[in-house]
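Enquirer: Chains A and B are the protein sequences, given in the same order.
Position one of the first sequence corresponds to residue 97 (the numbering used here), numbered consecutively onward.
Position one of the second sequence corresponds to residue 53 (the numbering used here), numbered consecutively onward.
FYI, nobody ran anything at the bench for these hints, they're computed from the structure.
Note that the coordinates shown come from a computational prediction; the quantities given were computed from them, not determined experimentally.
Careful: at least some of the hints might be erroneous.
Covered stretches of chain B (in silico footprint by chain A; criterion: 3 or more residues with CB under 8 Å from a CB of chain A, positions within the stretch not fixed) [unchecked claim]:
no., region
1, 67-81
2, 142-154
3, 169-179
4, 271-281
We put the beta carbon where it would ideally sit given N, CA and C, even for glycine.
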Amino acid sequence: MTRGAGTAVRVVLLVVLLLPAALIVTGSLRRLGLPAPSGLELLPADPSLSSYRDLAQRVPVGLLLRNSLVVTGIAVPLTLLVASWAGFALTQLGERQRRFALGAAITLLLVPLPMLWVARFVLYLRLGLLDTLVPLIAPALAATTPFTVLLAYRAFRRIPATQWEAARLEGASAWQTWRRIGLPQVKATTTAIAAIAFVFHWGNYLDALLYAQYEDVRTLPVGLAELIELDASDQPVVFAAAVLLALPALLGLLVVQRTLLSTTDRAAADMD
Amino acid sequence: MTGYRAGLRWLLLPWLLGTLLLVVGPALITAGFAFTRYDALSPPQLAGFAVFRDLWSDVEFRRALVSTLVIVALAVPLRVGGGLLLALLLHRRRRLDAATRAAAYAPSVVPDVAIALVWLWVVNPVYGPIGLITSAFGAGIGAVLLDPAGARLTVVAISVLSLGEGFLVLLAARRELPQPLYDLARTEGAGVLTEFRLVTLPLLAPVLGLLTARDLVVSLQVVMVPTLLLTNGGPLGATKTLPLLAYERGFRELELGDGAAIALLLTLLTGLVVAVQFRLLRRWNRAVAT
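Chain A on its own, in the form it takes in the complex (with noise of 0.2 Å):
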């Protein structure tokens, strides 16, 4: 291929990827009450944030978020230190260990998610946890996904092993190992983590239609997916309501694009 055919196509995938998330910020600024335009508007003529207005007016916006940001809180903290301690005590746990773990994290990857519902749904009831926020930080306690494990001990991995023996040498324990000199060296890893357990968390909705169903515990994309129903004709307030929502998952997007997208891993590493 041509390098001038590469671009056109790196042209064309940003065009077809990117129109229709601007046209949708524009979308969602265009005042309410008038008729659907009958072109592609790029920018309504006279813009205006009527329509966000209108979204806290449907919807309890400041209970959703603080539901929301009470999840992310404490599931995004949780799922770092549950993956950082497991990717840590992997890279130095004997061989067999090692490979039972990492095997076991992969295979994990290959459940699907139904076969979970029924057990969690019978274990939340049991504990009383049923309609809590509960059952949608727990997740954390698993690393969130097996993926996050899989990354922490990538990174700690690139570190060499004879920093381990040294500290261990001078009488420092696994967590001291760990929080003073494992973890400083691997935070562009560390930060991508936080964005993949927020991106997972902020945006859950199915672990809330199976378990926490009641109003006070609903999230933002709980209460977000009621104005599915809407009349087509509020069109700017389903735009602006999936703005809301996306927009503090792209900023997570922005922390992965600088580590697990970038050019070489060398480049993470050095970040790290």
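Put chain B on the given structure of chain A with help from the hints.
Expert: Okay, now just chain B, sitting in the frame of chain A:
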């Protein structure tokens, strides 16, 4: 020394316990519930294989099985192939590559409720982009989500757009391939396609195999919520996949035993396909090696 090793085990423990409590345990217990009738109010009644016999003669289940197979058969090759194409296209440091990589990954981080809200607009026949473009050519589209084929294609499209995870994995895998092999292929005069067939594909085959296996699960998972919100499994069950049916039976109709049985069948089906696939992959590997 022993204290340090014990410390390491303590650090691994939270993840092991969490995984046992929330993944491994529930998976095993759900498999047990699959052989019962249970409504969460009265204790579960053991029903044995009768649950599965009933499902097999259940028209809705059979239809869901077909819908699942159709959607997976369309989505998985497009997702894995698309991810591979993007990874090979964008793995270098070139102008626009960083932006394009981010753009390709973006739909995968957007919350599924937002995706549903957006697709409501995308397929709107009057002012959605597809409707506007087609009617500019005098064609126009009908109500896409009310047409079985249109609804299925929409679900497949949503699944294909969120190929970010596979793209990420393939991107990392492609970067780890040794450059000297490519230099050698170049000096031997190999074209792009030959290079792909003889160098890239065989080296990436293990990753592609694992990704395809994972995709059998993920391609259905990423469309679950958008499908629920956009079509609710309709029209006429065209988009009611097995995960959706498991949810409906288990949590809307409170037949948790049925929900568990459908989940178990889905898992067994996935396992079967994965086993066949790995066998084929191994045979292909041996053929390449000789």
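Enquirer: Would you mind marking each hint as holding or not holding in the structure?
Expert: Going through the hints against the structure:
1. 67-81: Held - the region 67-81 of chain B has 14 residues with a Cβ nearer than 8 Å to chain A, which meets the minimum of three.
2. 142-154: holds (count 12)
3. 169-179: holds (count 8)
4. 271-281: Check passed, 6 qualifying residues.
Hint compliance for this structure: every hint is met.
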